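Engineer: Going down the list, the sequences are from chains S and E.
Residue numbers for the first sequence follow this note's numbering, so the first one is 28 and each next one is one higher.
Residue numbers for the second sequence follow this note's numbering, so the first one is 51 and each next one is one higher.
Errors might be hidden in some of the hints.
Capping the alpha-carbon separation at 30 Å, the derived lysine-lysine pairs in DSSO-like fashion look like this [to be verified]: (1) S/K138 x E/K270; (2) E/K197 x S/K40; (3) S/K40 x E/K262; (4) S/K158 x S/K73; (5) E/K197 x E/K294; (6) E/K231 x S/K73; (7) E/K294 x E/K231; (8) S/K73 x E/K262; (9) S/K40 x S/K138; (10) S/K191 x E/K294.
Read the hints as simulated data drawn from the structure, not as lab findings.
Note that the structure is a prediction, hence the values are computed from the model and not measured.
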Amino acid sequence: MMAKYGMLIDTTKCIGCFTCRTACQRQNNLLPSQDFIRFEHREVGKLPEVNIENVPLQCMHCEDAPCAQVCPTGAAHMGADGIVSVDEGRCIGCLYCMAACPYQVRVRNPKTGSVDKCRFCTVSATTSGTKMCTCVEACPTGARIFGDLDNPDSELVREIERTKATPIAGSLTKSKVYYVR
Amino acid sequence: MKRVDAWKTKSGKIECSSSACADAGLSAMPIWVAPHASSNIARLVDYDMNLGQQNLERIIKKSAVGAPAKETSSEPDAKRAEELYDDTAAALAPVVAYDGDDAKDTSHPELENESEKRLTFHLITGVQTVVGEVGANTPELMDIAQKYALDSVWINSDIASVLNIKTGDEVCIASNNNSGKVQAFVTDRIVPTAVYLPAGFGHTSDAQTTSKGVGLNAYKFSPPLVKLGYGTLCTQEACVWLWKEGA
Numbered sequence: 028m029m030a031k032y033g034m035l036i037d038t039t040k041c042i043g044c045f046t047c048r049t050a051c052q053r054q055n056n057l058l059p060s061q062d063f064i065r066f067e068h069r070e071v072g073k074l075p076e077v078n079i080e081n082v083p084l085q086c087m088h089c090e091d092a093p094c095a096q097v098c099p100t101g102a103a104h105m106g107a108d109g110i111v112s113v114d115e116g117r118c119i120g121c122l123y124c125m126a127a128c129p130y131q132v133r134v135r136n137p138k139t140g141s142v143d144k145c146r147f148c149t150v151s152a153t154t155s156g157t158k159m160c161t162c163v164e165a166c167p168t169g170a171r172i173f174g175d176l177d178n179p180d181s182e183l184v185r186e187i188e189r190t191k192a193t194p195i196a197g198s199l200t201k202s203k204v205y206y207v208r
Numbered sequence: 051m052k053r054v055d056a057w058k059t060k061s062g063k064i065e066c067s068s069s070a071c072a073d074a075g076l077s078a079m080p081i082w083v084a085p086h087a088s089s090n091i092a093r094l095v096d097y098d099m100n101l102g103q104q105n106l107e108r109i110i111k112k113s114a115v116g117a118p119a120k121e122t123s124s125e126p127d128a129k130r131a132e133e134l135y136d137d138t139a140a141a142l143a144p145v146v147a148y149d150g151d152d153a154k155d156t157s158h159p160e161l162e163n164e165s166e167k168r169l170t171f172h173l174i175t176g177v178q179t180v181v182g183e184v185g186a187n188t189p190e191l192m193d194i195a196q197k198y199a200l201d202s203v204w205i206n207s208d209i210a211s212v213l214n215i216k217t218g219d220e221v222c223i224a225s226n227n228n229s230g231k232v233q234a235f236v237t238d239r240i241v242p243t244a245v246y247l248p249a250g251f252g253h254t255s256d257a258q259t260t261s262k263g264v265g266l267n268a269y270k271f272s273p274p275l276v277k278l279g280y281g282t283l284c285t286q287e288a289c290v291w292l293w294k295e296g297a
């Protein structure tokens, strides 16, 4: 049975250092302006009792991915492992997917015109045991956990249950990225 | 350049900062060294960056062709370095002396008539996670710095509402030593009496290929003062005026 990969991001551990973003850029050989991870910041409270919440946003790999539904060429598609991917060779740069994504986490490559986004590349550590320079591996505070959502014994599922993590926008889409806030 | 004997003080003895401050008529500000020491050291940092870049290029050339690259004359560089280090020698002396004349600030000519109308803030500076002292000198980090406006000056939300300043507005900052314009970041994470201008911006070295010319250099707003005894620049002892044009 194929795994259903997902991720947990604990914003209470995130210090907003952008390490995940730069690690992702190095691992995926992205341009400096291509960011698969976008940060939102929210201040909570008033001086002197004030804190900041850092929320890294990325592709949620939705089971009902709106981007895949509107893609006219099938470039945006979902694999058997539930990972939403982009076939760059088939992308015609129409930007429909960017308009359809409710999280606005797709980015256009200014050189090729194609659109891309988080590839869940950290899956290699699970499937082949090869750890790469990914957001999960690079995070200095361990704010990210990757794993199989269908495996009740996985650290991912246990932490989601313990922390009562939920998708960032509730039931807006069937997101596979969960947030602790 | 006026020279000051690094060990000589008004009393002829090594003074503690409190008495030196009192003599200078300053309540909490450690004293002096060379005039414009802070700007000289800023130039020195840029100079070191240039020198480092030249050395790096030489190393790359050598490793690429497998033979020593033709060395260019380093005489002008050495001469300039000597001048710069000479300028800052007093500032970097182990024990800092006080010179009353040089400790007096001169008013910014453009602000003499306007300063009374503007609020004064304590200027705080320091590095952020992404931008170090030498700036975000890689394209990836500079993209973060610019996308998230990390060069913005932080201002308390209550004071910002009084001054009609919103996040993203262009505001003016000035001290007796420098002035410039930068975006504002309105936040509750700073006290009303202070503003925070991040360090690592406003560089002028060509070797800083991505960070050159971005933002304002916070250290250039600092007074030309160095802490007595251990010679650290008084980077947190500056006061600035901050206002929004037309507000």
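Engineer: Work down the list of hints and note, for each, if the structure agrees.
Structural biologist: Hint check results:
| no. | hint | result |
| --- | --- | --- |
| 1 | S/K138 x E/K270 | violated, 38 Å |
| 2 | E/K197 x S/K40 | holds, 23 Å |
| 3 | S/K40 x E/K262 | violated, 33 Å |
| 4 | S/K158 x S/K73 | violated, 41 Å |
| 5 | E/K197 x E/K294 | holds, 22 Å |
| 6 | E/K231 x S/K73 | holds, 27 Å |
| 7 | E/K294 x E/K231 | holds, 9 Å |
| 8 | S/K73 x E/K262 | violated, 36 Å |
| 9 | S/K40 x S/K138 | violated, 35 Å |
| 10 | S/K191 x E/K294 | violated, 45 Å |
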